[in-house]
Structure formats: structure tokens, C-alpha cells
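*Asks:* Letter by letter, the chains look like this.
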Amino acid sequence: MPITVQIPTALRRHTDGVGSITCAATNLSELFSVLDEKFPELKPHLRDDKGQIRRFLNIYVNEEDIRFLGGPSYAFQEGDEVLLVPSIAGGSHESDS
Amino acid sequence: MSYYELRCRECGRTWGNQPRSICDDCFSPLEVAYDYDALKAQVAQGTFSRERISQRAPNMWRYSELLPLPQSFTPRLPVGFTPLFNAPQLARKLSSNAAAGNLYIKNDAVCLPTLSFKDRVVAVALSQARAFGFDTVSCSSTGNLANAVAAHAAREGLKAWIFIPSDLEPAKILGTNVFGAKVVRIAGNYDQVNRLCSQIADEHRWGFVNVNLRPYYAEGSKTVGFEIAEQLGWRLPDNIVCPMAGGSLITKIRKAFDELIKLGLVEPKEVKFFGAQATGCSPISTAVKTGSPEIEPQKPNTIARSLAIGNPADGHYAIKTIKNSGGWSEDVSDPEVVDSIRLLAESEGIFTETAGGVTVGCAGKLYRQDRILPDETTVLCITGNGLKTTDVLAGVYKTERPIAPKLTEFEAYLQQTLDLDEVPGVIAAAQQAAVGA
Numbered sequence: 008m009p010i011t012v013q014i015p016t017a018l019r020r021h022t023d024g025v026g027s028i029t030c031a032a033t034n035l036s037e038l039f040s041v042l043d044e045k046f047p048e049l050k051p052h053l054r055d056d057k058g059q060i061r062r063f064l065n066i067y068v069n070e071e072d073i074r075f076l077g078g079p080s081y082a083f084q085e086g087d088e089v090l091l092v093p094s095i096a097g098g099s100h101e102s103d104s
Numbered sequence: 025m026s027y028y029e030l031r032c033r034e035c036g037r038t039w040g041n042q043p044r045s046i047c048d049d050c051f052s053p054l055e056v057a058y059d060y061d062a063l064k065a066q067v068a069q070g071t072f073s074r075e076r077i078s079q080r081a082p083n084m085w086r087y088s089e090l091l092p093l094p095q096s097f098t099p100r101l102p103v104g105f106t107p108l109f110n111a112p113q114l115a116r117k118l119s120s121n122a123a124a125g126n127l128y129i130k131n132d133a134v135c136l137p138t139l140s141f142k143d144r145v146v147a148v149a150l151s152q153a154r155a156f157g158f159d160t161v162s163c164s165s166t167g168n169l170a171n172a173v174a175a176h177a178a179r180e181g182l183k184a185w186i187f188i189p190s191d192l193e194p195a196k197i198l199g200t201n202v203f204g205a206k207v208v209r210i211a212g213n214y215d216q217v218n219r220l221c222s223q224i225a226d227e228h229r230w231g232f233v234n235v236n237l238r239p240y241y242a243e244g245s246k247t248v249g250f251e252i253a254e255q256l257g258w259r260l261p262d263n264i265v266c267p268m269a270g271g272s273l274i275t276k277i278r279k280a281f282d283e284l285i286k287l288g289l290v291e292p293k294e295v296k297f298f299g300a301q302a303t304g305c306s307p308i309s310t311a312v313k314t315g316s317p318e319i320e321p322q323k324p325n326t327i328a329r330s331l332a333i334g335n336p337a338d339g340h341y342a343i344k345t346i347k348n349s350g351g352w353s354e355d356v357s358d359p360e361v362v363d364s365i366r367l368l369a370e371s372e373g374i375f376t377e378t379a380g381g382v383t384v385g386c387a388g389k390l391y392r393q394d395r396i397l398p399d400e401t402t403v404l405c406i407t408g409n410g411l412k413t414t415d416v417l418a419g420v421y422k423t424e425r426p427i428a429p430k431l432t433e434f435e436a437y438l439q440q441t442l443d444l445d446e447v448p449g450v451i452a453a454a455q456q457a458a459v460g461a
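Keeping their order, the protein sequence lines are chains W and D. Counted the way the working numbering counts, the first sequence spans residues 8 to 104. Counted the way the working numbering counts, the second sequence spans residues 25 to 461.
Derived from the structure by calculation, the hints contain no laboratory data. It is possible that part of the hints are untrue.
What the hints assert, rightly or not - Derived DEER-like restraints, expressed as beta-carbon distance ranges:
#, chain 1, residue 1, chain 2, residue 2, range
1, D, K313, W, P79, 42 to 50 angstroms
2, D, G36, W, S27, 43 to 51 angstroms
3, D, K323, W, E44, 29 to 37 angstroms
4, D, Q223, W, E48, 21 to 29 angstroms
5, D, E227, W, E48, 29 to 37 angstroms
6, W, S27, D, K323, 24 to 32 angstroms
7, W, E48, D, K64, 49 to 57 angstroms
8, D, Y421, W, S36, 55 to 63 angstroms
9, W, P79, D, D48, 22 to 30 angstroms
10, W, P79, D, G257, 19 to 27 angstroms
11, D, E370, W, L76, 15 to 23 angstroms
Where is the CB? At the ideal position from N, CA and C, for every residue including glycine.
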């Protein structure tokens with residue numbers, strides 16, 4: 008059940024310049040495992056120390072935010088196109104209190 | 025001019041100055057950081073002081089030391105320095121025991137050149153676009169930003185490609201077309217347009233003001249805060265009520281106040297920040313109300329299209345700004361937005377767009393909840409002009425039948441249509457005339 012994953016330019020230095028891969032992951036957890044194995048340097052950029060998806064990383068499936076599809080529990084369908092897109096915030100000097 | 029560079033908000037790595045908004049190391053947002061020690065020295069020497077600033081031209085460039093502007097930059101438009109004024113009649117309507125002198129309106133409905141606060145952010149972003157050598161600038165927009173980018177690009181001789189949700193208000197589309205910009209309508213909501221623009225920015229070497237130029241762009245919002253402080257007589261208010269879409273403005277007003285305190289230009293004060301959203305798109309106010317530090321994205325469904333961002337990029341930081349300040353966030357329904365537009369117009373003579381209706385409506389709720397107290401100095405940020413969103417008032421006012429240009433016709437019309445309660449002065453005059461007769 009192949010799906011395609013598009014990797015943004017900002018992350019491609021951790022994928023030897025690879026911008027797209029096809030794999031057979033059935034959900035987000037499996038997809039991350041595939042990416043971890045294929046591109047070990049990418050791992051810390053996708054999830055934090057607690058294994059949570061990084062705050063500024065948005066994940067879309069066929070143009071829809073995965074959070075509207077059930078989040079990590081969403082079961083990938085054959086031919087799904089997964090986009091990893093950085094969230095463009097302006098930043099803040101607020102402390103993390 | 026002052027020394028500044030991009031710094032990662034989360035890991036602290038510095039990136040010099042370049043068209044970039046993300047830290048490659050940790051994927052977090054970049055922010056402009058200044059050499060505050062050098063600025064403090066300028067304040068100590070008197071070369072950057074209240075007096076010096078007050079002698080400069082009345083526009084946002086009077087705060088250039090605290091903006092990320094290129095060395096060679098010469099302002100070509102007098103953007104900003106919009107009026108801040110007292111709103112005594114609105115104060116009485118929002119709070120039965122409000123002290124009339126304590127409520128202020130910061131009126132960016134008349135910001136030049138395109139009548140919204142977005143002119144401020146675009147002015148800064150385009151100064152950098154030119155310095156970085158872009159010949160084309162671009163943005164994803166809910167309307168006001170589209171207008172601002174198109175107008176400033178025309179002025180600067182840059183090409184503009186503007187991406188908008190296809191259901192945008194006609195006046196905002198026209199107000200982009202007229203400047204000669206290329207307008208691309210996307211069959212989707214703002215969040216989808218914004219996602220697409222992130223992808224386009226990956227492929228095309230364009231200056232996207234809210235993607236690769238975003239750290240510089242966002243700094244322009246600080247000028248709202250600088251002006252409020254200066255116009256209050258170099259003091260900070262007790263409360264700020266600010267509309268929230270992507271959540272950037274409220275965090276940047278906070279940054280502006282903190283910088284003025286840091287440099288000794290105002291006395292330190294704990295200002296409470298209150299965020300305003302439309303109930304039909306309220307991811308930030310929902311998070312504040314439920315105590316969540318993170319945004320749960322929403323599908324926008326509101327007439328306040330300029331605030332219709334369901335996945336606000338700076339939402340996390342807006343929540344922190346509100347929470348750390350002891351403020352709160354509210355939201356109002358679409359009918360309340362329309363009522364509030366009319367309330368502001370009828371009480372203070374300001375015609376704001378839907379976002380301003382959201383701000384006024386939420387301010388009323390905050391007064392009624394005693395989160396804002398009548399004796400506190402409160403500033404409402406009105407960020408856009410009502411002439412751009414007239415469609416939301418369609419049907420509110422009936423079209424009067426025309427009458428012949430004859431005095432007798434008018435007198436007959438007056439008798440037929442007069443609402444005695446609404447125009448007592450006219451009635452009194454009419455009665456007096458009748459008695460006299």
C-alpha cells in the first residue's frame with residue numbers, strides 16, 4: 008500500500024537532498040519509523056524528546072491537515088500523499104513559563 | 025539604524041540576515057534580535073530619546089532604531105502614526121460605570137496607504153525584499169495583507185503575486201487588483217492557501233512577506249505598541265484588547281512595550297493583554313479558556329474573514345503572551361460582530377471592518393466579566409477599515425424610496441417616517457413651530 012511523502016527543503020539536508028520518498032507505512036507512527044531508519048539525522052527534527060510531533064511541523068494528507076483526519080490514528084490509504092510543512096511563525100521573545 | 029540579526033526562538037542559534045524564517049537545526053521560528061546594549065548607549069547619549077523621537081516625522085519610521093531596516097533604506101511612504109483617541113461614548117455603552125476618560129481607540133482603519141495595520145508589516149518586509157535582491161514579492165492573505173503588499177510593491181517597483189481564498193470580500197480583491205498585482209484565487213480556506221505558499225516558497229525565489237521574510241515583517245507590528253506608548257504620553261496602558269488571526273500582532277505589541285521598558289523610554293508596568301476572536305474561528309481563545317498551551321486547529325466559519333485562520337502560526341506564542349500577562353481571551357458571534365461595528369460607528373464615528381467588530385464586541389464582554397475594570401486605561405486596537413467589508417452590512421439598512429426635490433414632499437415624508445424617539449430635536453423644533461403657528 009504505497010504512499011508518497013514530500014520533504015520540505017528545510018529538512019533535505021538531513022535526507023541527502025532527497026525531497027520525496029515512497030513507502031508502505033499504514034499510519035503516522037509507521038511512517039516516522041520508516042523515515043527514522045532511512046534518514047537517522049531527520050529523527051530529532053520530526054519529534055521531540057517525548058516522542059511528540061514537533062510543534063512547528065504540520066503534517067498534511069492529500070492537502071488536509073492530519074489533525075482533521077483523526078491525527079496519529081489516521082490509517083493511510085493507498086496513494087495518499089503526505090506533506091511535511093513547517094509552520095511559519097513570527098517568533099516571540101516570551102519566556103516558556 | 026541599529027545592529028540586528030535573526031535568532032532561533034527555541035535553540036538560540038543566530039542566522040545573520042537572510043530571507044529565512046525557520047531554524048534548520050530545530051525547525052523553530054526565527055526572530056529578529058537587536059543589540060540592546062548599543063541601543064541603551066544611544067539612549068544614555070541622548071541620540072535616541074523621547075525628545076528625539078517626538079521631533080521626527082509623524083510616521084512609523086520614527087522608531088527606526090527598533091526596526092530591522094537595511095543600512096541603505098530610505099522610507100518612501102509615511103506609514104503609521106495613526107490616531108489614538110479617547111472613546112467616552114463607547115466606554116459608557118460597554119460599561120455602565122466606565123470612567124469616560126479611560127477607554128482609547130488605536131485607529132489603524134486609517135493607516136496609509138491601504139487602511140489597515142498590515143501596511144506596517146509590509147513596509148518593513150519590503151525594505152528587506154529589495155535589500156535581498158527579490159524582484160517579486162508575494163503573500164498568502166485574508167485580504168488586508170493582499171492590499172498592502174500590492175500597493176507597497178507598486179510603489180517600490182516590484183512585481184507582486186498574491187494568493188487569496190476564493191471567497192474573499194470583493195472590495196479586498198478589487199483593492200489588490202487595482203495596484204496591478206497578479207491575484208491567484210485558491211479554492212480553499214486561508215490555511216490551505218498558506219500551506220500552498222510555503223510549498224511555492226520552496227520552489228520559487230520570491231520574497232514571501234509572511235513566509236521567508238516573516239521575521240522582518242512581524243517586527244513592523246511593534247510600531248502599534250510604540251505609538252500607543254508615545255501617544256499616551258510615554259506611558260503604558262493597563263490593558264490592550266487586540267484582534268487575533270495568526271496571533272502575531274498581540275505578541276509584537278508586547279515585545280514593543282518590553283523594549284521601551286528595557287531602554288528606559290517608559291516606566292515599567294504590567295500590561296494585561298486580551299485577545300479577541302470570532303466564535304466561528306476561535307482556536308486561540310478556545311485554548312486560553314480551556315487552559316491548553318497548544319492550538320487545536322479549526323475550520324473557519326465566520327464573517328470576520330480577516331481573522332479566519334484556523335491554524336494560527338503564532339497561536340502558541342499568543343497564548344503565552346496572554347497567559348503571562350494575566351489577560352484573557354474572548355470571542356463573539358457573527359451577529360455580535362455586526363452589532364459591534366454599528367456600535368463603534370454610532371458612538372465614536374469610526375467605521376471598522378469585521379475584525380474591529382470582533383475587538384469591540386469582545387471588549388464589551390471583558391468589561392461585563394470584570395476582567396477589564398472601568399477605572400483602568402484600556403486601548404482597543406482597531407486594525408482595519410469598514411469600507412472593505414460592507415457586504416456584512418447588506419440588508420441591515422433598508423434602501424429609502426426617493427422623493428421629489430420639493431419641500432412639500434419632504435414635509436410629507438417627514439410626517440410619514442419620523443421616529444419620535446430617534447430624533448427628539450427635530451420633533452421639538454416641529455412642535456415649537458406648530459405652537460408658534
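*Asks:* Just to be sure I understand the hint, the distance between the Cβ atoms of Y421(D) and S36(W) should be within 55 to 63 angstroms; is that true here?
*Replies:* This hint holds: roughly 56 angstroms between Cβ atoms.
*Asks:* Range first: 15 to 23 angstroms. Now tell me if the beta carbons of E370(D) and L76(W) are that far apart.
*Replies:* Violated, since E370(D) and L76(W) (Cβ atoms, about 45 angstroms apart) do not stay within the stated range.
*Asks:* Check the following: the C-beta atoms of G36(D) and S27(W) are separated by a distance inside 43 to 51 angstroms.
*Replies:* With a Cβ separation near 32 angstroms, G36(D) and S27(W) fall outside 43 to 51 angstroms, so the hint is violated.
*Asks:* Can you tell me whether the CB distance of E227(D) to E48(W) sits inside 29 to 37 angstroms?
*Replies:* 23 angstroms, violated
*Asks:* Starting from the hint 24 to 32 angstroms, judge whether the C-beta atoms of S27(W) and K323(D) obey it.
*Replies:* 28 angstroms, holds
*Asks:* Kindly confirm whether 22 to 30 angstroms is satisfied by the beta carbon distance between P79(W) and D48(D).
*Replies:* 25 angstroms, holds
*Asks:* Do the Cβ positions of P79(W) and G257(D) conform to the proposed distance bound of 19 to 27 angstroms?
*Replies:* 53 angstroms, violated
*Asks:* In this structure, is the beta-carbon distance linking Q223(D) and E48(W) contained in 21 to 29 angstroms?
*Replies:* About 23 angstroms separates the Cβ atoms of Q223(D) and E48(W), which means 21 to 29 angstroms holds.
*Asks:* Do the Cβ positions of K313(D) and P79(W) conform to the proposed distance bound of 42 to 50 angstroms?
*Replies:* 25 angstroms, violated
*Asks:* At the C-beta level, are K323(D) and E44(W) separated by a distance inside 29 to 37 angstroms?
*Replies:* 35 angstroms, holds
*Asks:* Are E48(W) and K64(D) spaced within 49 to 57 angstroms by their CB atoms?
*Replies:* Violated, at about 41 angstroms.
Of the numbered hints given earlier, the model fails hints 1, 2, 5, 7, 10 and 11; all others are met.
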